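Colleague: Okay, here's what each chain looks like letter by letter:
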Amino acid sequence: MSEQNLKVDVTDLIKDYGNNHVLKGLNLQVKNNEVVCMIGPSGSGKSTFLRCLNKLEDPTAGQIVIDGHDISNKNTNMNHVREKIGMVFQHFNLFPNLTVLENITLAPIELKKMTKQKAEATAHDLLKNVGLDEKANAYPASLSGGQEQRVAIARALEMQPDIMLFDEPTSALDPEMVGDVLDVMKNLAKQGMTMIVVTHEMGFAKEVADRVVFMADGHIMEEGRPADLFDHPKNPRTQDFLRKVLNA
Amino acid sequence: MRKRLLCLGTVLLACLSFFTFFSTKTQAAEKTYTIGTDITYAPFDFQDSNGHYTGIDIDLIKAIAKEEGFKVKLKPVGFNAAVQAVEANQMDGVIAGMTITNARKQQFDFSDPYYYAGEVMAVKQGSSIKSLEDLRGKKVALKVGTLGASYANSIKKKYGFTTTEFDQSNDMYNDVTSGNSAAAFEDYPVMAYGIRNGMKMKIVTKPKAGGSYGFAVKKGENQELLTKFNTGLSHLKKNGQYDKIVAKYLGKSAQAKEKKAATSNDGLLSLVKQNKSSLLSGLGQTLYLTFISIILATILGVIVGLMQVMPVKWVNWLSSIIIYIFRGMPLLVLALFIYIGVPNLTGSKISAFVAGIITLTLNEGAYTAAFVSGGIKAVDPGQMEAARSLGLPYGKAMRRVILPQGVKIMVPSFINQFIITLKDTSILSVIGILELTQTGKIIIARNLQGFKVWTIIAIMYIVIITLLTWLSKFVERRIND
Ligand SMILES: Nc1ncnc2c1ncn2[C@@H]1O[C@H](COP(=O)(O)OP(=O)(O)OP(=O)(O)O)[C@@H](O)[C@H]1O
Ligand SMILES: [Mg+2]
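Listed in order, the protein sequences are those of chains Z and S. In this text, residue positions in the first sequence follow the numbering used here: the first is 1, and each later residue adds one. In this text, residue positions in the second sequence follow the numbering used here: the first is 1, and each later residue adds one.
Source of the hints: derived by calculation from the structure; they are not laboratory data. Given the structure is predicted, the values throughout are model-derived calculations rather than measurements. One or more hints might be untrue.
Calculated cross-link-like contacts (lysine-lysine; reagent style BS3-like; alpha-carbon spacing at most 27 Å) [what the hints assert, rightly or not]:
#: 1; chain 1: Z; residue 1: K234; chain 2: Z; residue 2: K31
#: 2; chain 1: Z; residue 1: K118; chain 2: S; residue 2: K396
#: 3; chain 1: Z; residue 1: K74; chain 2: S; residue 2: K313
#: 4; chain 1: S; residue 1: K273; chain 2: S; residue 2: K423
#: 5; chain 1: S; residue 1: K396; chain 2: Z; residue 2: K55
Bound conformation, chain Z alone (with noise of 0.2 Å):
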């Protein structure tokens, strides 16, 4: 596995914020095309890892290597990297000021990555993918919790992305709407998205990750492929939060 093939490096990762140590020492490596699913009891820093890959948190300290770019580094300019790595969130955060296509159009025509034109026609093609083209002009108020999530990864794709990272998106959706979201994010991983997945859909994590992660405390317990995993987890934590999971 040469070094070239990974897209995330981490080392060492530390995060506090005062006396809270919320990350105690990070190691992670993502390669080209991997799904990897992190799962853990609540409060044990998956947000704040997710976070600081793209820099929406300071780590305080280690090292984090995004597709060679050295992000703990000051002088890395970090709008051009965060432009290769796509962020979904828990709560969505589409911009209700604007439409759906607005909301998709804005970074890649404001950036110039894009014209308008072309930039539109990416969305409407993303649109469709989810399944949400005759929505284009509505305002995200008129959409439902599932729909909404299905623009915000179309939003974050249209920057065509090297990397996304998912932050639960499906806790906050009705149950009936979660398969629509998790479908669009399983196509995407046969497609050959690198993907980082927080969370608590056991049954995604099972089907779509080529790995597991078990994070508790500020800590990697655990990981492993999921047939290991969940089948055969060796750290007692491990053990203990699956039982919690899989009777609740």
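Fit chain S with the ligands to the supplied structure of chain Z, relying on the hints for placement.
Modeller: For chain S with the ligands alone, kept in the frame of chain Z given last:
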């Protein structure tokens, strides 16, 4: 970020040069002196029914200027504003029925006295009070800073009365005619003039403890002007012109003419008609002040509000200090500080109008900044994160995503602030700006019809505030669509 700061600097610089442009304009010209006068001190300084400033002081300084060959630019700004402006080097001299006292000599150089005036006590017509002894346990109305006031204060223990002080002569008179106060103390000619012109009061004591009026310049400055005044005055006294001027206002023939203008039976409408041009120009000045201040305060407020939320610590800090200071300072204090204080510190004059604009811009701008930053902070932080995660730089994210949402939250506060700005212009009457409120004071000083004139002024404010509200609501609807 750098670019934004640069941009901000440029705007501030532009504002500054705008102000200095105006301020230097007043310094030019040779042998023209700027003289401050009172506006509500008939028969020395007041506005006649045609809206012209007139009175013994005005005629005298004009005659002396003609005699001695210099020009005067009269600034009818009111006694306090005039005195302070001379102290601050904003004006060259003051002639405002100003009594020569030892305390004032610490700050000013006085001319030879040009009028002797004793203090008298006056009561409401038909009052039973006939002497100082009758004042025991009663309340007495005085005008701030006058010799009448210090005289009354010096004898109030002995005669056992209490005092209330007013800024305007007319308010003092009204307090007596309405029965609130038992008596007022005032210079004899002033009181006599008022009574002759229809004020329902009578003088019950002989002129006492009087002082002499003098023309004043700042101590140690404008000495040649002082000399010219003295020479001119002695010429006028010799050639009889001085007596003519005094007789014009206090002689028998003067009474009949002015009496007509001051009958207190005028209806509201005829009052409006009589004072149409002053009222309109006061209104115009108020609207002009409001309009410019709203624009500048909005620019300043948006900049300082954005500084408040920028992810740069020292900029947040700077913004907080600006908001803290200018929101915390009473508008009146800020206005006086800028008009009187700043020229004392920097040595360059600024016109009252510019001082007024700066005052309103800073004060209203600080309030605007507070609700602008509040509006931005009220936008879900997830919006900024989503925008940044797409690679949008801070400025673009702010402009395209955060501000459009924040502005909707801010619109009602903006409308509110515009209305407050309009009302706050009235406070600028203290530095002598001839806006609507000041216009009201001046009209009342002439016709002594306080209640009716204030009614007219109040209605005018309500009407323009209503119009401003409508306009704002219209704009609000446009924004929300
Ligand atoms: N901005 C912040 N300031 C201070 N503490 C924070 C901040 N953000 C997160 N934390 C703390 O960091 C810890 C980890 O939070 P994080 O959101 O990463 O957990 P999580 O694993 O994503 O949990 P969940 O499953 O509930 O989303 C928590 O104790 C939280 O209180
Ligand atoms: Mg989380």
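Colleague: Provide an ascending list of the numbers of those earlier hints which the structure does not satisfy.
Modeller: The structure conflicts with no hint, since it agrees with every one listed earlier.
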